[in-house]
Amino acid sequence: MTIQLVERSPTTSDPLDSLEAIAGLLELESERVDDVELHVAVPGSWRDTGVWFTWRCELSTLQLGAPLEIKAPVTRRDEAARLVALINERLWIGHFDLWSEDNSFVYRNAAVLPDDGALDAGQARALIQGAAEAVDRFFPAFNYFVWGGKSAEESLESSLFDTVGNA
Numbered sequence: 001m002t003i004q005l006v007e008r009s010p011t012t013s014d015p016l017d018s019l020e021a022i023a024g025l026l027e028l029e030s031e032r033v034d035d036v037e038l039h040v041a042v043p044g045s046w047r048d049t050g051v052w053f054t055w056r057c058e059l060s061t062l063q064l065g066a067p068l069e070i071k072a073p074v075t076r077r078d079e080a081a082r083l084v085a086l087i088n089e090r091l092w093i094g095h096f097d098l099w100s101e102d103n104s105f106v107y108r109n110a111a112v113l114p115d116d117g118a119l120d121a122g123q124a125r126a127l128i129q130g131a132a133e134a135v136d137r138f139f140p141a142f143n144y145f146v147w148g149g150k151s152a153e154e155s156l157e158s159s160l161f162d163t164v165g166n167a
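By the working numbering, the letter at position 89 of the sequence shown is numbered 89, and the numbering carries on one by one without gaps.
A few of these clues could be false.
[Claimed, not checked] Have a look at the derived ranges for each label pair, beta carbon to beta carbon:
hint	residue 1	residue 2	range
1	Ala126	Arg32	19 to 27 Å
2	Asp116	Lys71	35 to 43 Å
3	Gly50	Arg125	43 to 51 Å
4	Ile93	Asp48	40 to 48 Å
5	Trp92	Ser151	31 to 39 Å
Hints in this document: simulated from the structure, not taken from any laboratory.
Ideal placement from N, C-alpha and C gives every residue a C-beta, glycine not left out.
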């Protein structure tokens, strides 16, 4: 199967502009790297997360990545992949990956947009908050796995409790 990319004229709407505006409304720091990439700093319960967005006009696709800056031990790569699979079963949108290059964990998501690149405020907010919530919810599991030496199942169990309120 061959996929052909169709060359399109520049979009009439820049989804990164929408994301930048929503980041501002949410009082999040953002930095426009270039015409196709935006970085947003998202505070979290366990750590702040750097989320990057990349716009691929020719595919009408907006990609999102949030590296956790934590790496699986090479000797436990198979068990790390199992942890990622167990976590992904519990996500409604987006997914975690185990980067083959350096064994790092990263949250990823994408949105296919209309040809004009329109991204509404609700979509932008959902992408940012979805990444923040996934990282917040499952960061402890990755931490227990890497630093605690726990199995995939034990690591996941550590992140599946819900607390009421804040201490």
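Do the hints match the structure? See the list:
Separation of Ala126 from Arg32 is about 21 Å and conforms to the stated range, judged on CB atoms against 19 to 27 Å. Checked against the hint of 35 to 43 Å, the pair Asp116 and Lys71 passes, with Cβ atoms roughly 39 Å apart. One distance hint, 43 to 51 Å for the beta-carbon pair Gly50 and Arg125, is violated here, with the actual separation near 18 Å. Checking the proposed 40 to 48 Å range against Ile93 and Asp48 shows it is violated: the Cβ atoms sit about 21 Å from each other.
For the hinted restraint 31 to 39 Å between Trp92 and Ser151, the CB-CB distance of approximately 25 Å leaves it violated.
Against the hints set out earlier in the document, violations occur for numbers 3, 4 and 5.
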